[in-house]
Amino acid sequence: MDPGMKQLQECLTEIEIEAEHLLLATHQLVENDKARNGNREALTALRKKARTTRSSVPSAFETIMREVERTEARTMMKEVCATCGNYDTKDRTWMMFPGSDIFACVPFHAVHTILEKDQEHFDFEAKKLQSYVKEKSFLISERGALADKINPSVLKSLVTLTDKSKRIVDFPHHLFQLRSSGSMSASGDQSLFLFWISSYYFLTRVI
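In my numbering, the protein residues as written are 1 to 207.
Think of the hints as simulated: they come from the structure by calculation, not from any bench.
Any given hint might turn out to be false.
Pairs of lysine-lysine, DSS-like flavour, derived with a Cα cap of 27 Å [to be verified]:
| no. | residue 1 | residue 2 |
| --- | --- | --- |
| 1 | K117 | K90 |
| 2 | K127 | K6 |
| 3 | K117 | K128 |
| 4 | K34 | K48 |
| 5 | K49 | K6 |
| 6 | K34 | K128 |
| 7 | K48 | K117 |
| 8 | K34 | K136 |
| 9 | K49 | K117 |
| 10 | K136 | K49 |
| 11 | K34 | K134 |
| 12 | K6 | K136 |
| 13 | K90 | K48 |
| 14 | K34 | K49 |
| 15 | K127 | K117 |
In this text the structure is predicted, and so the values were computed from the model without any measurement.
Work out the full structure, taking the sequences as your base and the hints as a guide.
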């Protein structure tokens with residue numbers, strides 16, 4: 001085989017492998033987002049339940065009975081859970097364990113603690129997968145595979161972009177109008193217009 005043809009074949013093989021990794025990471029990112037959204041909805045339901053179904057001020061009888069049942073030494077200050085609040089932390093709540101069809105009646109505090117830990121894990125995985133997708137997209141672009149879709153230099157600027165300013169883009173009412181110390185319209189700044197279009201295309205097509 002001609003050396004040039006062999007090199008081209010190896011290059012295409014490497015690009016195809018990287019593209020497969022990119023597709024797998026994208027699929028995993030979608031599945032992670034589904035699980036994260038479901039977990040967030042469950043946490044929202046628990047916070048709503050803790051805020052609306054029980055009185056924030058316990059009755060005198062309940063307070064006395066809790067003091068009687070307490071066997072450990074009394075503390076000067078009681079730590080209050082941010083999610084439970086004044087809700088009964090021992091209230092039994094049905095929970096289905098992830099990856100199974102097993103339901104269990106678990107104390108309220110334990111349920112939301114487990115869900116909050118899972119939410120932190122989902123958020124971490126989402127950031128890691130997003131970084132991986134950007135890295136693979138940039139690597140494929142460097143090989144020239146996306147040259148007909150988006151310029152490699154534009155893709156590189158989007159992947160390595162870090163926004164440290166506090167400028168707000170008000171898209172619905174004032175197209176490409178930046179509000180910081182002053183105002184700037186898109187008609188007077190073609191580079192801003194092109195940057196916004198390329199960013200939108202990258203986010204909707206590539207990533």
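Right, here's what the structure says about each hint:
no. : hint         : in the structure
1   : K117 to K90  : 19 Å, holds
2   : K127 to K6   : 38 Å, violated
3   : K117 to K128 : 17 Å, holds
4   : K34 to K48   : 21 Å, holds
5   : K49 to K6    : 65 Å, violated
6   : K34 to K128  : 16 Å, holds
7   : K48 to K117  : 19 Å, holds
8   : K34 to K136  : 22 Å, holds
9   : K49 to K117  : 19 Å, holds
10  : K136 to K49  : 43 Å, violated
11  : K34 to K134  : 20 Å, holds
12  : K6 to K136   : 24 Å, holds
13  : K90 to K48   : 17 Å, holds
14  : K34 to K49   : 23 Å, holds
15  : K127 to K117 : 16 Å, holds
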